[in-house]
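In order, the protein sequence lines correspond to chains A and B.
Reminder that position 94 of the first sequence reads as 94 in this note's numbering, one-by-one numbering, no gaps.
Reminder that position 239 of the second sequence reads as 239 in this note's numbering, one-by-one numbering, no gaps.
It should be emphasised that the hints constitute simulated quantities derived from the structure, not laboratory data.
Glycine is no exception: its CB is placed at the ideal position from the N, C-alpha and C atoms.
Be a bit skeptical, because a hint or two may be false.
Distance windows between CB atoms, simulated [unchecked claim]: (1) Phe431(B) - Ala117(A): 40 to 48 Å; (2) Ala60(B) - Gln169(A): 45 to 53 Å; (3) Glu600(B) - Gln169(A): 43 to 51 Å; (4) Glu200(B) - Glu163(A): 20 to 28 Å; (5) Leu269(B) - Arg46(A): 52 to 60 Å; (6) Val539(B) - Leu171(A): 35 to 43 Å; (7) Phe431(B) - Arg75(A): 29 to 37 Å; (8) Arg533(B) - Gln169(A): 45 to 53 Å; (9) Glu600(B) - Leu171(A): 51 to 59 Å; (10) Glu580(B) - Arg18(A): 32 to 40 Å; (11) Pro331(B) - Arg159(A): 36 to 44 Å.
Listed below, chain by chain, are the residues.
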Amino acid sequence: MTDPFEQFDLPVAFEIDRQQLAERFKRLQAELHPDRFVLQGDQARRMAAAMAADVNEAYAILDDDYRRAVALLERAGIKFDAERDTSQNIEFIEAQIEWRERLEEAEAAGDREELDAVGMELEKARDEARSKVAEALADPASPGAQAKDRVFELRFFDRLLAELKRTRQNLARG
Amino acid sequence: MALLQITEPGADSAPHRRHLAAGIDLGTTHSLVATVRSGVAETLPDEQGRHILPSVVHYAPDAVSVGHAAAEHAADDPHNTIASVKRLIGRGAADVATLSGELPFRLKTGDSSVPRIETAAGDKTAVEVSADILHTLRERAEATLGDELEGVVITVPAYFDDPQRQATRDAAQLAGLNVLRLISEPTAAAVAYGLDQGEESTIAVYDLGGGTFDISILQLRRGVFEVLATGGDSALGGDDVDRAIADWLLNQAGMAGESDPQRLRRVLLAAREAKEALTDADSTRVEVVRADGSIHTAEVDRATLMELARPLLDRTMASCRQVLEDADLAPDAIDEVVLVGGSTRMPAVREAVEKFFGRAPHAGIDPDRVVAIGAAQQADILAGNKPDTELLLLDVIPLSLGLETMGGLVEFIIPRNTTIPATRAQDFTTFKDGQTAMSLHVVQGERDVVDANRSLARFTLSGIPPMVAGAARIRVTFQVDADGLLNVTAREQTQGVEAHIEVKPSYGLTDSEIEQMLRDSASSAREDMEARRLREEQVEADRVLEALDAALETDGDRYLEAEERQTIEQARDALRAEREQGADPDAIEAARKRVEQASEAFVARRMNDSIRRALAGHNVSEYDAGN
Chain A
1 MTDPFEQFDL
11 PVAFEIDRQQ
21 LAERFKRLQA
31 ELHPDRFVLQ
41 GDQARRMAAA
51 MAADVNEAYA
61 ILDDDYRRAV
71 ALLERAGIKF
81 DAERDTSQNI
91 EFIEAQIEWR
101 ERLEEAEAAG
111 DREELDAVGM
121 ELEKARDEAR
131 SKVAEALADP
141 ASPGAQAKDR
151 VFELRFFDRL
161 LAELKRTRQN
171 LARG
Chain B
1 MALLQITEPG
11 ADSAPHRRHL
21 AAGIDLGTTH
31 SLVATVRSGV
41 AETLPDEQGR
51 HILPSVVHYA
61 PDAVSVGHAA
71 AEHAADDPHN
81 TIASVKRLIG
91 RGAADVATLS
101 GELPFRLKTG
111 DSSVPRIETA
121 AGDKTAVEVS
131 ADILHTLRER
141 AEATLGDELE
151 GVVITVPAYF
161 DDPQRQATRD
171 AAQLAGLNVL
181 RLISEPTAAA
191 VAYGLDQGEE
201 STIAVYDLGG
211 GTFDISILQL
221 RRGVFEVLAT
231 GGDSALGGDD
241 VDRAIADWLL
251 NQAGMAGESD
261 PQRLRRVLLA
271 AREAKEALTD
281 ADSTRVEVVR
291 ADGSIHTAEV
301 DRATLMELAR
311 PLLDRTMASC
321 RQVLEDADLA
331 PDAIDEVVLV
341 GGSTRMPAVR
351 EAVEKFFGRA
361 PHAGIDPDRV
371 VAIGAAQQAD
381 ILAGNKPDTE
391 LLLLDVIPLS
401 LGLETMGGLV
411 EFIIPRNTTI
421 PATRAQDFTT
431 FKDGQTAMSL
441 HVVQGERDVV
451 DANRSLARFT
461 LSGIPPMVAG
471 AARIRVTFQV
481 DADGLLNVTA
491 REQTQGVEAH
501 IEVKPSYGLT
511 DSEIEQMLRD
521 SASSAREDME
531 ARRLREEQVE
541 ADRVLEALDA
551 ALETDGDRYL
561 EAEERQTIEQ
571 ARDALRAERE
581 QGADPDAIEA
591 ARKRVEQASE
601 AFVARRMNDS
611 IRRALAGHNV
621 SEYDAGN
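Chain A on its own, in the form it takes in the complex (with noise of 0.2 Å):
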């Protein structure tokens, strides 16, 4: 598949402009959804959905901090193998062991006051790993010595959210 920046002529760095992302995605579509070539034979049909795909998916990757981070480093020729590497920094390590062990205590308590809490923590700690992130890759050619390490922490933070938000749901459902 193309690269995503490419594919919406987009500079390649780490922030982007999200207002810009989205009206090109619009009017991309507008161009390729296979919905344009429904009287056109199923060739241009089939061409046109695997195109549409590649832009849904170029988006998504864009439009999502850390997989817009991954994509960088990849370009940066960074192997990032999102399923085997973890983080081997040990003080980060201990700090995810805590913040699950407050996590599943208000989930066994049944706790919705301080499972908010935790969350308003949780997002203030997301938006310091993003920035970090952000400098990381200020330069996106020659990405920091801490890159990567800083990329799976966002990791860990978004996906601890969204962790708590299907708990939160769970305990609302009773």
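Fit chain B to the given chain A structure using the hints.
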């Protein structure tokens, strides 16, 4: 059959040809068909002027009736009168077992994984019953419009999973309809009110029908409708209000223990009439006949109705609260509220909805017809009747798709709310030395444990070259098309062994079963299968010719060397000749395939260029806007 317009190369006849298209609301209790005429979307009535077609089919040994005529048999021939078939479509034997107590007809789960309904006309699947309803709507539309429909948009509930969508598509195919798109019912309702024109908004669609209640929270973001959450109650609706009023009337008349079915039916009818009268009037008078022939006259006013409807409304509001919690939203985060379903005509419903969401709901369009109207508008655009419109309806996949991994857990490949069409791939490996086959189990749902999700399909990739555990690289690709239908391919990367499955869900119908049904079905018995196939090939050939001529006219010089152009034109002329000779579907198909092959690079160049132009054009406008 209609005379075909043959487009001469360079002639500019294409833009003037209007493509007939319709929107279909295939509902649990009733269905409608709508189309855009003179720029206005409207539902189409039958010969008696009735717009609503009850979703009921009656099977006699040698006759099928659909709609009002079928509904008349509900009392005298319940086993052969099939209603609410939408509750069964795309469902397997296990799902259906839990429903069978509620359904009046006889179900047979027998040898096939697809449950069948026993009728006097033989065993019927939900797909076939739905096809009979769709066929009636197709005939109505074609009789009104005077020609064949080129395509339809059919609505499905937002929560319909892959098998249910696939089964709906199969039913359309059986009814001889070309499906341009399946869109979700709440999305269609939002489109009818033009809410898709906005930039970003959060929309609640409150759909209270006769027997079902659905609440959906949609988010429109960058032209994409995401379904944030759906909920409701499949056994709650306006019929419950009728029963509540009837009970009240029986109490008033001192007939609390009444058991005569005929008298009870009359009271229920009177209750419904009173409810409908109170939509416009503040109070109404009702007469109830007692067993001894004496008449009790009751005065029902809006306050009484409100009180009787209260428990029902409270239950719908509880569902609303629930979906808002699921979507992680407060009621005041909702920007727009849309009412769907006949029962939302009751002023009590409107008041309750307005109070809950803190804003007046959209209610200008007939709530029975609003879904069909939105579908018709979308069909009109998709059929190419509005070439200048920028409007594009992007959908998301409603439920996550994944694969079973070790320990009965799910690895999600495409998460819910991913914009479609979508393609995602993930690599897996073998876990035993010398393993030569891998079985894949495709599931849909949000739970981490396989058993809690819907099983879609199982297939096996075999012929993997023996290697040590973990050395093989098997890439599994999930492709979801614009309708949300899934295709899965598995490919061993080092040797290129491939296995592929179009996800015909575990309890879906196979292609050969569909083909058999096409042969058997009442709808196609009247049409010769060969003639039908020929017509389909002719229509497809015309599409290809029309599109190619237009493309050559505008872009031929820009993208084609003289030699390439000649090859394409030769193939095109051969197709046109075959098309005009017009008797052999195989020959037309072969000629069309040759055209597609010859023009593949041309089509790709044009698409790539349209991407380039889309971006370039945009840069200019952004620049102009001072960005």
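Hints versus structure:
| no. | hint | in the structure |
| --- | --- | --- |
| 1 | Phe431(B) - Ala117(A): 40 to 48 Å | 42 Å, holds |
| 2 | Ala60(B) - Gln169(A): 45 to 53 Å | 50 Å, holds |
| 3 | Glu600(B) - Gln169(A): 43 to 51 Å | 47 Å, holds |
| 4 | Glu200(B) - Glu163(A): 20 to 28 Å | 27 Å, holds |
| 5 | Leu269(B) - Arg46(A): 52 to 60 Å | 54 Å, holds |
| 6 | Val539(B) - Leu171(A): 35 to 43 Å | 54 Å, violated |
| 7 | Phe431(B) - Arg75(A): 29 to 37 Å | 33 Å, holds |
| 8 | Arg533(B) - Gln169(A): 45 to 53 Å | 50 Å, holds |
| 9 | Glu600(B) - Leu171(A): 51 to 59 Å | 54 Å, holds |
| 10 | Glu580(B) - Arg18(A): 32 to 40 Å | 53 Å, violated |
| 11 | Pro331(B) - Arg159(A): 36 to 44 Å | 29 Å, violated |
Comparing the model with each earlier hint shows violations of hints 6, 10, 11; every other hint is respected.
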